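Note that the protein sequences, when read in sequence, are chains Z and X.
Residue 450 in UniProt numbering sits at position 450 of the first sequence; the count goes up by one each step and never skips.
Residue 34 in UniProt numbering sits at position 34 of the second sequence; the count goes up by one each step and never skips.
Be careful, since some hints might not be right.
One-sided and incomplete, this derived list gives chain Z residues near chain X with beta-carbon spacing under 7 Å [said to hold, decoys possible]:
| hint | residue |
| --- | --- |
| 1 | F13 |
| 2 | V544 |
| 3 | I552 |
Don't read these hints as lab results, they were simulated from the structure.
Owing to the predicted nature of the structure, the values given are computational and were not obtained by experimental measurement.
We treat Cβ as the ideally placed atom computed from N, Cα and C, and that holds for glycine.
Number of protein chains: 2
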Amino acid sequence: MTDLKEGVCLSAFWYSHEQCCWTSNETTFEDRDKCPLWQKWSELLVNQSEGASAYILNYLMYILWALLFAFLAVSLVRVFAPYACGSGIPEIKTILSGFIIRGYLGKWTLLIKTVTLVLVVSSGLSLGKEGPLVHVACCCGNFFSSLFSKYSKNEGKRREVLSAAAAAGVSVAFGAPIGGVLFSLEEVSYYFPLKTLWRSFFAALVAAFTLRSINPFGNSRLVLFYVEYHTPWYMAELFPFILLGVFGGLWGTLFIRCNIAWCRRRKTTKLGKYPVLEVIVVTAITAIIAYPNPYTRQSTSELISELFNDCGALESSQLCDYINDPNMTRPVDDIPDRPAGIGVYTAMWQLALALVFKIVITIFTFGMKIPSGLFIPSMAVGAMAGRMVGIGVEQLAYHHHDWIIFRNWCRPGADCVTPGLYAMVGAAACLGGVTRMTVSLVVIMFELTGGLEYIVPLMAAAVTSKWVADAFGKEGIYEAHIHLNGYPFLDVKDEFTHRTLATDVMRPRRGEPPLSVLTQDSMTVEDVETLIKETDYNGFPVVVSRDSERLIGFAQRRELILAIKNARQRQEGIVSNSIMYFTEEPPELPANSPHPLKLRRILNLSPFTVTDHTPMETVVDIFRKLGLRQCLVTRSGRLLGIITKKDVLRHMAQMANQDPESIMFN
Amino acid sequence: MTDLKEGVCLSAFWYSHEQCCWTSNETTFEDRDKCPLWQKWSELLVNQSEGASAYILNYLMYILWALLFAFLAVSLVRVFAPYACGSGIPEIKTILSGFIIRGYLGKWTLLIKTVTLVLVVSSGLSLGKEGPLVHVACCCGNFFSSLFSKYSKNEGKRREVLSAAAAAGVSVAFGAPIGGVLFSLEEVSYYFPLKTLWRSFFAALVAAFTLRSINPFGNSRLVLFYVEYHTPWYMAELFPFILLGVFGGLWGTLFIRCNIAWCRRRKTTKLGKYPVLEVIVVTAITAIIAYPNPYTRQSTSELISELFNDCGALESSQLCDYINDPNMTRPVDDIPDRPAGIGVYTAMWQLALALVFKIVITIFTFGMKIPSGLFIPSMAVGAMAGRMVGIGVEQLAYHHHDWIIFRNWCRPGADCVTPGLYAMVGAAACLGGVTRMTVSLVVIMFELTGGLEYIVPLMAAAVTSKWVADAFGKEGIYEAHIHLNGYPFLDVKDEFTHRTLATDVMRPRRGEPPLSVLTQDSMTVEDVETLIKETDYNGFPVVVSRDSERLIGFAQRRELILAIKNARQRQEGIVSNSIMYFTEEPPELPANSPHPLKLRRILNLSPFTVTDHTPMETVVDIFRKLGLRQCLVTRSGRLLGIITKKDVLRHMAQMANQDPESIMFN
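Given only the sequences and the hints, what does the whole structure look like? Please build it.
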């Protein structure tokens, strides 16, 4: 569908340009793109392949197709599955932390996201397919776990399946099984027990194996951007690599700030009311600017692949237009550094323009109401910057062999600088700056490229990029979006170091009305119904009596309502002034009182408690590690109050001098 | 020192064979091992290089050197640092789970383990250096963290440093930084917060970078056993790969069972009293049997390297003695499958003998009182088995092109089977069977070899091997040794699925004397001193009064003793019948009573509590995730009992039908 924007295959319209030319007789390398069966739109419609009018016609067709794909995508999302938009990773992180967003992992989302993802990627917008594929994989995981009661009934088990599904998603998106497992561990999952590691690994194995059997890239390799470099890297090159790391960190910061500011504007102003129009306008601008520049016209993954590549002897790309030494007779693998030809300089200009365009347009694209991933655009930005730096260093080294920094490792006639490696390092740095991944980033990068030997440059760039970006703000793009959307997400990575105590956070505060509690054997059904009506708490602590306030358990609001309703309908003698009791034995009642209602069944006898003197550092730790939603506060066995997850989040925001009200789900 | 067993370099005795011959004039490939400066012992001592007497002399010198190295190593360990023996990984796992073994990470251990590790590896014993290097790295980590009060005073922070040190240890042992981080995560660390992931990553980066700067293998590569295969693998090959996985699992089970049985015998019989003699005997047997067989005489890492290698055109190894096609004129990279020559068949026999010998001797070697790692011997066993299977499949494919399984992927003249790949897969399977690693195993394997494309075969073998081995027993070798040594280690990987409650596990049981508690303001100093003298508990719960039994906190035994001692010495008026109080205000006392002693300072006001109805599944989870040592049990605010980590371990053993007394530290 991407190629449909440029032309059509006469033998079968669903063939891509490459597939169309497979059966062609034009077998020489230079002519592989030109085969009679593939016709540009101008050739097909007005039978012209050159000239200004043909160019304009092709240009228009390109824009038209892009608009059609984008319009279809945004309409499908709006009408059928509003949750199918975005990358989905922030929401999956939130879901895995224990929050429930109904329908987010539903079947409609799965279907619509799969279809629209194909459309938006084909439309040429500056977005990738990796994040959405994780969402799609989690939808599948959710669907399969709903089939087995072991998983559908146990929230914890279901989250383990989702973690494994996320790993499988990345595994197929990149052909990177290990990277997928680590991505799920580092970036997506909230609490990742070791047995999940092993299961995710298995899921990723099966995913990779299936991918290998289907063999989508036709080269028996899992690797998406396979590269083969012929020279090792040199210690002195660490300096430009670290510079690329700094660039990646700055890009990450810039992107996150601008994108969040734009998304906030979308949420708060009229802009958010016209999502279809927004998508159409951004697609039109993208297509109009992208077409004239070959590096933006081609699909982003092709661009990355070209930028990563080392210039072999047969490379026809403009980026490889070096001036060859006339003494060199036959093409060899290990080509020495050569002076750049005119094509390389042209390419440098075009790359610079493409870089600026990508940086700007990606900020506006990510967050629109269509499926949109961020990996590929970030990598493209980094790869463009990296390739330019790489060519710069290469030419510097070629023309200044005698400089002290080059003298040791770059004699004349040696192949000492590989610009493709710089592109790879730059891509890692930019991806790291945006997402703040570390280990998973490096693993994904070398699974993507097969460049295991370049682990130290990749790690150096990733570390630098994370440091630089963290200096400007701790949040990665996913956390920033979680924050923007106000999901109640307790980040495991933040350290809580303040010296507050549980008593400072718990409700009720001083001056507030006392905590709504149930007593174990002295409230009537009517009392409880009134309490339920007047409050909207999710549950109520149960105490021995209002005087002693000794805690015996916790009753969920939902179960309480259900139990009372059932008892009133089915149980004889239950009236409004029946006594409700949570003890084993019914309380002693006056002779003429109505039949009491036993509710021990719904009582949670092991509610989580801390004392009022517990440091909040410990409380936060307990909430995180045990995934609690609330926790009761006691002092010497007496119930004092309650701390909910929202209280914890509000307190943490307060301590970090943020507006606590911005934290809540909205 | 390994080469010193065979001969000596005349120009400088500390040169290895290879280094010695670097300056030699013998530059042809075949003669690279024969240079006049390097003299075998027979040449040096009796001026004979061939013949039976020369062979016997060399044989004797080999055994003598081996015995000398081993004797030195075991004596050093015995005299200076008994903790320097073994691999150290079981103990580091236990330490990271919260248990303290004093001196285990001390400076003497660091020094002696480093020196003796060199000796034992040179002695030719069947052991590796990887586990001990992790221990050495943790000693360094412990030393550095003792220099900074932030780390030396906070046990949790210190453990994070140790986790990172373990990652750095594997990073230098294998040149595998990512594998190191994952090994630390999956195998060594107990609780691994995400911020430790990032820090371990950084430590591993610096370690890899330093290693790269020193360039120990002289090839600018981090990779230890760099291999380059020229053909992809085929789907049908998964069958032998899975067979190798089964073999790895069986070997793992056999090794763990036999090794544990032998180590138990060493602990319980007289055998354990003669560690020096044991090492001498095993070394002598190893040297006597190893010398005649070239595959056991060479160092194990050289053996693995040779087994992993693909047979290039120039390969002089016996394993590559194929019958070349006379029509093939010049050596090419992509050599088709050829029939095996006589050398290959000889090598197969020798490999088979070496395999049996390695399997048997490793069982007796691991666990002796010298530093000993298990990675390299396990990998060697797997690599030998794998290479043999690989050669078998290759010859089968060569001679039976027409069989249905070969017809699709192995035409005559094609290079379809790479025996080196089978060796790699076999090594992964055996290592997996012994250690039960999964993700880290695969990452280490491809970091070791650079074989990123073979991730699916490696994963398949690792998964099969783990399944097979787990079917015979859940414990890996490290857990088995933890168990054998009776360390109180609560494994995070075990699932606790029984339906017992906290009340079934807590002390005191029915019929036992009541819990020893302190009251908040009614016990005298003497009462408390008597209680301390009569019991050996680590601490005491503090309650309001013996009647109400409402819990207010927990006092550590150590702090209690110290506080009373200080008060008696320094505080005026504190006598044996002074009242001790833990409240804010002193209790109201009769007029003539002695001055009371305030101890609120040492009271932990936030002890961890659960109710008696809490399922043990939750309790085990809390102990693991929060790293607790004890937990108090209450019912409606009343203290009922206490559960310690040992109670939990004992209960888990009981539920698994094991002898609960075997669990305790002895």
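Status of each hint after checking the structure:
Annotation: interface hint on Z/F13 violated; nearest CB of chain X at approximately 33 Å, more than 7 Å. For Z/V544, the shortest C-beta to C-beta distance to chain X is roughly 6 Å, which falls under 7 Å, so the interface hint holds. The criterion of a C-beta within 7 Å of any C-beta in chain X is met by Z/I552, whose closest approach is roughly 5 Å, and the hint holds.
Hint compliance for this structure: hint 1 alone is broken.
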